Every structure is written in structure tokens, then in C-alpha cells.
Amino acid sequence: QKEVEQNSGPLSVPEGAIASLNCTYSDRGSQSFFWYRQYSGKSPELIMSIYSNGDKEDGRFTAQLNKASQYVSLLIRDSQPSDSATYLCAVNPNAGKSTFGDGTTLTVKP
Amino acid sequence: ETGVTQSPTHLIKTRGQQVTLRCSSQSGHNTVSWYQQALGQGPQFIFQYYREEENGRGNFPPRFSGLQFPNYSSELNVNALELDDSALYLCASSESDARDTQYFGPGTRLTVL
Chain A
1 QKEVEQNSGP LSVPEGAIAS LNCTYSDRGS QSFFWYRQYS GKSPELIMSI
51 YSNGDKEDGR FTAQLNKASQ YVSLLIRDSQ PSDSATYLCA VNPNAGKSTF
101 GDGTTLTVKP
Chain B
111 ETGVTQSPTH LIKTRGQQVT LRCSSQSGHN TVSWYQQALG QGPQFIFQYY
161 REEENGRGNF PPRFSGLQFP NYSSELNVNA LELDDSALYL CASSESDARD
211 TQYFGPGTRL TVL
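Protein chains in written order, with the numbering used here: chain A, 1 to 110; chain B, 111 to 223.
Rather than coming from a laboratory, the hints here were simulated on the basis of the structure. Treat the hints with care, as some may be off.
Unchecked claim - Simulated crosslink set (DMTMM-like; lysine to aspartate or glutamate; CA at most 25 Å straight-line):
1. A/K2 x A/E45
2. A/K56 x B/D194
3. A/K2 x B/D210
4. A/K2 x B/D194
5. A/K67 x A/E5
Every value quoted in this text rests on a predicted model; they were computed, and no experiment measured them.
Pulled out of the complex, with its shape left as it was, chain B reads as follows (with noise of 0.2 Å):
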């Protein structure tokens, strides 16, 4: 157990539709980094927060947006979901350093249709 939690766990949505996934950061880690992951890859840098502001994005559209709570929670939002968008999602906190290990949660399992 890394002590990061992924909500929910599963989630069916339709092309256009818009989503929202939940993560709560292991105590005291201030930095929380969004990836995706289809099938047969690894997973891809989306963005990052530190202290509630983004701190590096990847090559993902504006439709993926982010937020970053005080209590070690975020979210990651997703507008107008394609069908592409189908992957596990994975949150993973660290401290700030870059030689800090990062620790990921379960992930959330996204299907678009």
C-alpha cells in the first residue's frame, strides 16, 4: 500500500461527455503528478501540481484540466472525452525534489464509448 487512493475505481462514460477522477496524496507529499496509460504503453506524463499550482504540463490538449486541494487531494478533469481518452489514469505523489520517489495509486479505469 502506497497510501495514495484513486476514486473511482471504474468509470463508463460516452464521447462528449465530461469526467472527473479523485486523488488523495500520500500525508505530507506537496507534489501530485497526473499520467495516462493505454494499453500496451507506459504511462504519459499529463501535468503536475505542487502546492496547488501546475508546475509542467505534458503534450495533452487544454480539455485536460487539473486542480490541487490544501488536504493532499486533486482531481483531474477531462471535457468533451474522445474515444482515445480510453486508458487507466494514475496519480502519483512525491515530495518536490527530483529525487524523490514517486508513489501511485491504483489508478481509475476509464472506457469511453
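Same shape as in the complex, but just chain A (with noise of 0.2 Å):
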């Protein structure tokens, strides 16, 4: 069982819907956790941390974290063409040592 899981997709949704992307971990002392998008090509830029339960929303973009299910997830709403892209959960158990999943890869047409 790999540490960070996540469903590969590919995860296609029309424009305008919203995207819904999961992650669970298996270390219970995480404490920090991170959804990175990842362009092809190009690096993962964080969208958002959470280190809390519950919901943390910024702009279209929710995270939700679960940590007695150890379960977090992402939601995008409005979703646009632009947000097509690689999502990558990580999560820190310690400092700025993130074990990341292997991502799922989003679609969003027009």
C-alpha cells in the first residue's frame, strides 16, 4: 500500500462543473498536508495547505481534510480549461519532507 493514494483518472468534467479529487494517507501523524498543481512539464505550484479537520476554501478552491478517516480532498468549482493539469496531494509528516501521490490528472472541456 503506497503511503499517499490517489485515483490516477484520467478525470474529465465539462466546463463549469465541479471537480471533485481524492487523497488518502496512511501515517496518522501527518500534520500538514498540500494540493499542488503540476502542468506538464513544468513543476508543482501549491493551490492550497490544510492543516486542520475540516473545510478551507480559497476562491474556487476547497480542501477538506479528514483526519480520522485520513482522508483529504479537493474541490474545484467553475472549473475551466485552464484548470486541466496533474493535481498532486502531499502530506508532511515532517518539516518540508512530503510524500507526495502520484497524482490525478484532470480534464476540464469546453
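Mind docking these for me? Both chains are given alone in their own frames, and the hints should help you get the complex.
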């Protein structure tokens, strides 16, 4: 079992729809959780960080964390074609030493 | 722009050679982590340096080594290159706290022939 698991996709949604990306992790001691977006051939860029149970909203993005279920998700509202990318979930048991999932590829169709 | 730079952008080496990749961290960040990202996979943690000392290592052999310098720059050295070392190498700088965000550089694409 991988330490951080994501559905590889591809996930395809129409423009304007809600995209839902999920991630589970195995280390209960994890403190910090991050979602990154990565365009093909580029480095990951941070979208959201979340540290406490519940929801955290930033513009069209909402991260949800449930530590009891060891589950973190990312919702993208009003999806745009420019949101088409691979989304990486990262978990920090220790400072800076992130464990990443393999990513979910999202395609938003116009 | 994250303020983290890496050089070179692309590199082609042959099996058995040695390579040095460079990273310049964001000013004020005393922690740098290096990751290897193979095609179709997420980044894998290689090691981290904090105040010029190695501060944790992932599941990588000793031929992967690093250095961190006082001026926020760092190096990743790989000896005896293997074909499987072909990947995107990412450095990320952060402050030392677990909650602190990592800022990734643009990466170095290494191809081993």
C-alpha cells in the first residue's frame, strides 16, 4: 500500500462543473496537507494547504480534511479549461519531507 | 515565480557518469529538499538539508549526495548514473517548521542514455 494514494484518473469534467479530487494517506502522525497543480513539463505549484479538520476555501478551491478517516480532498468549482493539469496531494509527517501521491490528471472540456 | 532557481534546465548524460545539479533557495529559507520525479509519478523525497546538515533521507542509495551552502544554494550530486535516474529533479525550499510551505524550483530534466 502506498503512503499517499490518489485516483490516477483521468478525470474529465465539462467546463463550469465541479471537479472532485481525493487523496488518502497512511501515516496518522501527518501534520500538514497540501494540494499542488502540475502542468506537463513544469514543476508543482501550491494551490492549497490545510492543517485542521474541516473545510478551507480559497476562491474556486476548497480543501477538505478528515484526519480520523485519513482523507483529504480538493474541490474545484466552476472548472475552467486552464484547470486541466495533474493534481498532486502531498502529506508532511515532518517538516519539508513531503510524501506525494502519483497525482490525478484532470481534463476540463470546453 | 517562487524565487527558487535551478540549473541547468536540461541535461543529457551517459550511464556511469556523474552529475551535479544546482539550486538556489528563496532568501531566508534555511531548509532545502530534493525530489526525483519519474514520468507519470509523483515526486519522491531524496533528502533534506537544514542549515548545511543532512536532515533526513528517503529511500535513495548513497550515490545520491548533497551539499547546502550558507548563501542558500545547494547541490545534488549523483554518481555512477543509471538509466533509471532519468527524471525531473526538483528542489524545494522552506522554513523549518512542518507547517511551512515548500516552494519548488522549475526543475532539472536529466536524461541518462
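Checked hints:
At roughly 23 Å between alpha-carbon atoms, A/K2 and A/E45 fall within 25 Å of each other, so this suggested pair holds. The straight-line distance between the Cα atoms of A/K56 and B/D194 is roughly 39 Å, outside the 25 Å bound, and the hint therefore fails. Using a Cα cut-off of 25 Å, the hinted pair A/K2 and B/D210 holds, with the two alpha carbons roughly 24 Å apart. Under the criterion of a C-alpha separation no larger than 25 Å, the hint pairing A/K2 with B/D194 is consistent with the structure, at around 20 Å.
As the CA atoms of A/K67 and A/E5 are separated by approximately 15 Å, the hinted pair is consistent with the 25 Å bound.
In summary, the structure is inconsistent with hint 2 from the numbered list given earlier, while agreeing with all the others.
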